[in-house]
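Visitor: Next come the chains, spelled out residue by residue.
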Amino acid sequence: MTTVYLDGIGIEAPGLSTWDQSAPVLRGEKPFHFEKKTLPVATLIPENERRRAGETIHLAVHVAAEAVKNANVNPQTLVNVFSSFRGSLKIVHHICNALTLPDHPVSPTQFHNSVYNAPASYWSIATGTRGPSTSLACAEFSFPAALLSAVACVSTQKLGALLVMYDVESPKPFDKQYKIEFNCGIALALMPVPSGNSLAKLEINFRPRRTRATEVKSNSFWEKLISGNASAQPLAILSAVANLESRELSYNYLEKCAVDVKIQPCN
Amino acid sequence: MESLILSKFTLTSALGCGLKELEQALFNQRPGLKPCDLEFADINAYIGRVDEIEDSPVVDRLKKYDCRNNRLAQLALQQDDFEQTVEDAKIRYGPERIGLFLGTSTSGILETESAYSHRDPVTGELPESFRYKETHNNFSVADFVQKYLKLEGPAMVISTACSSSAKVFAEASRFIQSGLCDAAIVGGADSLCLTTLYGFSSLELVSAQPCRPADKDRNGLSVGEAGGFALLEKPENGNFKNQISLLGYGESSDAYHMTTPEPEGSGMVQSMQMALKYSRLNPDQISYINLHGTATRTNDSAEDKAVSEIFGSSVPCSSTKGWTGHTLGAAGIAETILCAICLQKNLILGSLNTRVIDPDFRSNIILKNRTEKLTHALSNSFGFGGNNCSLIFGVHS
Chain A
0 MTTVYLDGIG IEAPGLSTWD QSAPVLRGEK PFHFEKKTLP VATLIPENER
50 RRAGETIHLA VHVAAEAVKN ANVNPQTLVN VFSSFRGSLK IVHHICNALT
100 LPDHPVSPTQ FHNSVYNAPA SYWSIATGTR GPSTSLACAE FSFPAALLSA
150 VACVSTQKLG ALLVMYDVES PKPFDKQYKI EFNCGIALAL MPVPSGNSLA
200 KLEINFRPRR TRATEVKSNS FWEKLISGNA SAQPLAILSA VANLESRELS
250 YNYLEKCAVD VKIQPCN
Chain B
0 MESLILSKFT LTSALGCGLK ELEQALFNQR PGLKPCDLEF ADINAYIGRV
50 DEIEDSPVVD RLKKYDCRNN RLAQLALQQD DFEQTVEDAK IRYGPERIGL
100 FLGTSTSGIL ETESAYSHRD PVTGELPESF RYKETHNNFS VADFVQKYLK
150 LEGPAMVIST ACSSSAKVFA EASRFIQSGL CDAAIVGGAD SLCLTTLYGF
200 SSLELVSAQP CRPADKDRNG LSVGEAGGFA LLEKPENGNF KNQISLLGYG
250 ESSDAYHMTT PEPEGSGMVQ SMQMALKYSR LNPDQISYIN LHGTATRTND
300 SAEDKAVSEI FGSSVPCSST KGWTGHTLGA AGIAETILCA ICLQKNLILG
350 SLNTRVIDPD FRSNIILKNR TEKLTHALSN SFGFGGNNCS LIFGVHS
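Residue numbers (numbering that gives the first Met the number 0), protein chains in the order written: chain A, 0 to 266; chain B, 0 to 396.
Excised from the complex, chain A in its bound form (with noise of 0.2 Å):
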């Protein structure tokens, strides 16, 4: 069992934007409105690598500068782990289209772009940060998979973790197998030890065999947003540190695992 400190927290999701406008729709005080929205625009980004970042890239680094602006944390201090269901498809469909066509026209920014780490490199070139940095991939087990990694990290290097999980709309022709219904963003930052910034500790526990029926169901409006995009599962967390609550929750992880997570509200 790992703990961790929750400082901050970013987030772009339909009718969820930006921490401080989530919490209470989380809490129940304001109403859930679905919308789905036009992307951000990461303006951390150097202009001239604004206009050549793709929708992933501009989603992932848009609630990464959120989270580090909530904790109150320098980006630079921080390990960096990114992860995603699906990547950028969209970029995917650019490049697959341009090799049907004669003499195989692939953009050159669009392969770079194609690297699966390019927001994670985005990011690093928008903030200075050199440090270590992870892109890893772990279908819709993805976020279980890289809270392990960033607690790994943690606790292994007593380094503060940024933990970012994105994925967008499925483009066509993709929309027909394993559809994501709409975008969705979510950055964490996990730091080692307690802060005046902190708003929950979370103890993380990997369990390889899962026995017990995990990942309580209820009917709340989040459960539904992360049917539709793995990447919104960090919600469960969230519902519980906006409610300041105590709470305990798993992540199936893979056919036979699950990841545990006990969280407990700072202030």
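Just so you know, the hints here were simulated from the structure itself, not pulled from any lab data.
All values derive from a computational prediction rather than experimental measurement.
Among the hints, a few may not be true.
Chain B regions said to be covered by chain A (calculated; three or more residues, Cβ under 8 Å) [as the list claims (entries may be wrong)]: (1) 60 to 73; (2) 106 to 115; (3) 150 to 164; (4) 175 to 188; (5) 193 to 201; (6) 309 to 317.
To give an idea of the interface, some chain B residues facing chain A are shown, with a C-beta separation under 7 Å as derived from the structure [said to hold, decoys possible]: (7) Glu95; (8) Glu124; (9) Leu125; (10) Pro126; (11) Tyr131; (12) Lys132; (13) Asn136; (14) Asn137; (15) Phe138; (16) Asn386.
Even for Gly, the Cβ is constructed at its ideal location relative to N, Cα and C.
Starting from the known structure of chain A, arrange chain B on it as the hints suggest.
Guide: Okay, now just chain B, sitting in the frame of chain A:
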């Protein structure tokens, strides 16, 4: 960090399937690169191709995962009794205590490329038979390998372009140190596809000849494919004797540019220095450096500055990209295994195809294979976006 041993490893690349063919190629100076003969690509380039893939479909029970990348992973797993080693490890640790950390950059994108050439001319839809999740999604290769080996521990794919399967060693080390698993299968697979051949061409980074790392006339890389795996664990009774060990890792970001490394190599320096620190070694204790050495103008120049800043002009260095091609997401595991063979055989590999070393270079580039007592080897892997990883391996006599 706590040292771990590579108790078993295997590599399949253009130099052959498994270690025996690999060692024969290395000792007989048989290069793996040849003019591009892929039936689906018409490009003036040399490639490092694994010829056996077309005849090696994945096992029936996992046939929905069948694609070039997973075939390559399976072919690699079938060499050198690696599967039996995993079976033995499962008995020792339990299948739920063995982690799986694999690197890839393009996964099975070749399947999607092929599906695009068979789209419905009216609706634009992809053919019914196309299986994105099992073939192309970045997790596909770890999903496939976990099911193939019947492992039940933590699993993930690291995809940081050309540093992917070097970074899996760092990730596995942290998972073992954190107690999330007791041992790990690490490695990766990356296979030839149109995206990388034409994508690197669009950036004018592909050479029309076999790549010539560190050469004054180097003019680009040669793309290759490879699959490789290692079992990473703590040694029995703490006995490291004659074992190839992972002593340290370093990771950094350039924070500079998506495709061009920071010209002075400062991110690369940071990565190598972290690996030295974690290994508790001084630069003069490194006896061989396997360079990232892609044979592009910018990479080799920045890496030379970084290496010579730390190691001066004495430590023997070479790039093995001229042997295997640049195997991208598999380069980390391929060059780890080449370092392991060098340490076992006291062999320094020459930088194949390199004729005249760039006169601006200060590092000690070795052109011809030679034997020399080796104790520690460092391997560099640097990816697009400035994602750097350095690994240090040792052998205790």
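Visitor: Taking the earlier hints as the rules, which of them does this structure contradict?
Guide: Numbers 1, 6 and 10 - these are the hints that the structure violates, sorted from lowest upward.
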